[in-house]
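Visitor: We have chain A already, so just place chain B on it with the hints.
There are 2 protein chains.
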Amino acid sequence: MNFSKRIIAMDQSPIRKLTPYAERAKEHGKKIYHLNIGQPDILTPKSFMNAIKNTNAEILKYTSSQGIPELIDAFINFYKEYNFNFERDEILVTNGASEGLFFSAIAIADDGDEILVPEPFYTNYQGFLSATGIKTVPVPTSASTGFRLPNKETFSSYITSKTKAILLSNPSNPTGIVYTLEEMQLIADIAKENDLFILADEVYRDFVYDNIEFHSFMNMKEIEDKVILIDSLSKRFSACGCRIGAIITKNKELIAHILKLCQLRLCCPMLEQIGAVELLKTPKSYFKEVLCEYEQRRNVLYNELQKIPNIVFHKPEGAFYVIVKLPIENAEDFAIWLLNDFDINSETVMLAPAKGFYSTENSGMDEVRIAYILNEDDLKKSMYILKEGLTKYLSIKNR
Amino acid sequence: MNFSKRIIAMDQSPIRKLTPYAERAKEHGKKIYHLNIGQPDILTPKSFMNAIKNTNAEILKYTSSQGIPELIDAFINFYKEYNFNFERDEILVTNGASEGLFFSAIAIADDGDEILVPEPFYTNYQGFLSATGIKTVPVPTSASTGFRLPNKETFSSYITSKTKAILLSNPSNPTGIVYTLEEMQLIADIAKENDLFILADEVYRDFVYDNIEFHSFMNMKEIEDKVILIDSLSKRFSACGCRIGAIITKNKELIAHILKLCQLRLCCPMLEQIGAVELLKTPKSYFKEVLCEYEQRRNVLYNELQKIPNIVFHKPEGAFYVIVKLPIENAEDFAIWLLNDFDINSETVMLAPAKGFYSTENSGMDEVRIAYILNEDDLKKSMYILKEGLTKYLSIKNR
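Chains as they are written, first to last, in numbering that gives the first Met the number 0: chain A, 0 to 398; chain B, 0 to 398.
It is worth saying that the hints were derived from the structure and are not from the lab. Given the structure is predicted, the values throughout are model-derived calculations rather than measurements. The beta-carbon is built from N, C-alpha and C at its ideal position, and this holds for glycine as well. Incorrect hints may have been included.
Computed list of chain B residues with no C-beta within reach of chain A, every gap over 10 Å [unchecked claim]:
| no. | residue |
| --- | --- |
| 1 | Pro68 |
| 2 | Ile107 |
| 3 | Ala142 |
| 4 | Phe154 |
| 5 | Asp224 |
| 6 | Gln295 |
Okay, derived cross-link-like pairs now, DSSO-like style, lysine-lysine, Cα gap no bigger than 27 Å in a straight line [to be verified]:
| no. | chain 1 | residue 1 | chain 2 | residue 2 |
| --- | --- | --- | --- | --- |
| 7 | B | Lys280 | A | Lys60 |
| 8 | A | Lys60 | B | Lys4 |
| 9 | B | Lys25 | A | Lys52 |
| 10 | A | Lys60 | B | Lys283 |
| 11 | A | Lys191 | B | Lys4 |
If you want the footprint, here are the derived chain B segments under chain A, 3+ residues with CB under 8 Å [stated by the list, open to error]:
| no. | stretch |
| --- | --- |
| 12 | 2-8 |
| 13 | 39-49 |
| 14 | 72-85 |
| 15 | 236-242 |
| 16 | 280-291 |
| 17 | 331-340 |
The following block holds chain A by itself, in its conformation from the complex:
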């Protein structure tokens, strides 16, 4: 049987690709510290389950394709605290940020069109774009310059007549950087001059450390009709398995178009939406504690990484990831070796090889992404295992 060219061209998720090795390691009795996936260990606010347990719906019905009105209103109220004022026809509830991104891309670009993405980028971006025939055009940044954006001339050089949008996550997964106001202005200027949409993935908006002020593209009035905010409750409320996200834009015409895609898939699950309403009402104090915890983890990670010789990394400012350049040739080989052939007291770590976050060929081969979603003790142990593992791996390779 013949499969489509687009599905054949698509890679397996680089984050999940090593899972079989991890499973085998577990079967052999190894404990694995998962640094490879952004699954927080923070408890989900109880309000979510409580709301669901209190529903007495006897029939699980289709809801509005846009999202239940209570959830749309909860999003509106939630954003008011960020000084955003949205109207009901500026928000669509989606099955996670994933669907929000997928639908937005379909609505703004055709087969053969291009979307610029600062590289390294969240690996699934490329998957979604290529599944619908859109070309991911990477705008390279590098570990050595802390992944900051290139200047306007360089950035603009990637634009062609087929470019439709700039897609980026801020704070960034996988680099952990938070874009400065200058960088954002650069992107806004480019978008304005070239009539491009800005697909702003802000699912880590609340994870910003060192009292850095976070700026949203949504605050830039001059490009209001060009900004598509992609949001999700997954990370903010440690509710990855609830799969509720949203598309938010002041461009009402775009909302009307994307709503047609929402209607195709009928609706998001009823119960998850009911729970999400309560999540969005979570008092700010919850998040203050969470932020404190993550900043502490970031600090621990940073301190521990500094003990490992010959690696390159920067102090992450946001989200809960960092890209680390290792003094080796093939980070995937190293990651597999850690699972297959290494342990300290039957414990090892699982890393995400960073090449999956690059589309430029041969980029990121010597880098890994580390998610610091473990508690302090586990994080310290993991970094020790990484350090010792690296030393041993190097001694074997250099033998």
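Guide: Chain B only, in chain A's frame:
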């Protein structure tokens, strides 16, 4: 701003398009009998909510992209009762049949490729296909011949070098027909001779009346590697709002490809999957009652429709829809008129104009789809309203 050509070309859901008229009618105090949408009024088995209420997960985590193992196993056991034997790597859990169809189409056809669909068809088929650049090629059938398939020569004449699959629902939404073994053999032969996939949407599999024996394409060993079963719990368990479906195929290579798309959207909601496990364990007796109820409704509908002069329809054999050809020119105009300008004791009906179920231009203009998802009394009242409405509408139009 420029939107994509594909999103501009896409129509609003014809099933949901008249919603604003319905809302206005409700604001004016009218009660509306919804014959336009397939939202059953049967109670969802309590096991679903009970399972969710009994979970004590403190963190809503990502699940496996394929679906939680318990749900995969529950599907396997469920299908055993239909004499299907599936292995774990032959099933993917999806966000409703919608996602299953969307992902399957992406995996088997590229931009510009074609998929054959007996027409009239479930309107969202065309939406999903065109969103990813696939051309819907209708194979016309008509009300006058009870929507039976054309012969092999005629059917085959729609095949080109770009044809990748045949997509159809069985029992059929919107026509209510159940394909005969001869019709299925015809499709199987065509698929075999032309190396096409068969996308078999069997979400109404259990809704078959008059003791007609239902045949699944999955039973046809000779085309085993070509059949992609699209399933959903929505209709079977009156759980439309739970959004759990599945892709099932013996083609393991295809499963591996589609899994890449599943990984992009990370996973289906955790709680819905936990509830779905229990739904699949629902005793057969539940469904016997449901079937009895729907067959009775079908009979009521059929009897009442016979009282309306000059309409064309056939007795539906499955699902819970019927297409009715009306003695008017524009069924959409009539449907809007029923909402805007007609009522009997402040009650009216909402119909789905059938033209949205056709892609051949000017087809189905005088037809409506009726979903018989109301209880007997409401169904009788609705049919009376339809009959009187039609008489009045005709008298106005012929004035």
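Visitor: A separate judgement is required for each hint: does it hold in the structure or not?
Guide: For each hint, the structure was consulted:
The Cβ of Pro68 of chain B sits about 12 Å from the closest Cβ of chain A, beyond the 10 Å cut-off, so the non-interface label holds. Chain A draws Ile107 of chain B into its interface by the beta-carbon criterion, the shortest separation being 6 Å against a cut-off of 10 Å. Residue-level check passed: Ala142 of chain B sits 26 Å from the nearest beta carbon of chain A, beyond 10 Å. No Cβ of chain A approaches the Cβ of Phe154 of chain B within 10 Å, the least distance being about 20 Å, so the stated non-interface status holds.
Listed as outside the interface, Asp224 of chain B is inconsistent with that label: its C-beta sits roughly 6 Å from the nearest C-beta of chain A, within the 10 Å cut-off. For Gln295 of chain B, the condition that its CB be more than 10 Å from all CB atoms of chain A holds, with the nearest at approximately 19 Å. With a C-alpha separation of about 20 Å, the suggested pair Lys280 of chain B and Lys60 of chain A falls inside the 27 Å cut-off, and the hint holds. Between the alpha carbons of Lys60 of chain A and Lys4 of chain B the distance comes to roughly 33 Å, so the proposed pair goes past 27 Å and is violated.
In summary, the hint linking Lys25 of chain B to Lys52 of chain A is not supported, as the alpha carbons are separated by about 31 Å, beyond the 27 Å threshold. Restraint check for Lys60 of chain A and Lys283 of chain B: the C-alpha separation of about 22 Å stays at or below 27 Å, so the hint holds. At roughly 21 Å between alpha-carbon atoms, Lys191 of chain A and Lys4 of chain B fall within 27 Å of each other, so this suggested pair holds. Counting residues of the stretch 2-8 of chain B whose C-beta lies closer than 8 Å to any C-beta of chain A gives 6; at least three are required, and the coverage claim holds.
A stretch counts as covered by a chain when three or more of its residues have a beta carbon under 8 Å from one of that chain; for the stretch 39-49 of chain B and chain A the count is 7, and the coverage holds. For the stretch 72-85 of chain B, the stated coverage by chain A is not satisfied: 0 residues place a CB nearer than 8 Å to a CB of that chain, which falls below the threshold of 3. Here the stretch 236-242 of chain B counts 6 residues with a CB under 8 Å from a CB of chain A, which clears the bar of 3, and the coverage holds. For the stretch 280-291 of chain B, the stated coverage by chain A is not satisfied: 0 residues place a CB nearer than 8 Å to a CB of that chain, which falls below the threshold of 3.
Only when three residues or more bring their CB closer than 8 Å to a CB of chain A does the claim for the stretch 331-340 of chain B stand; here the count is 0, and the claim is violated.
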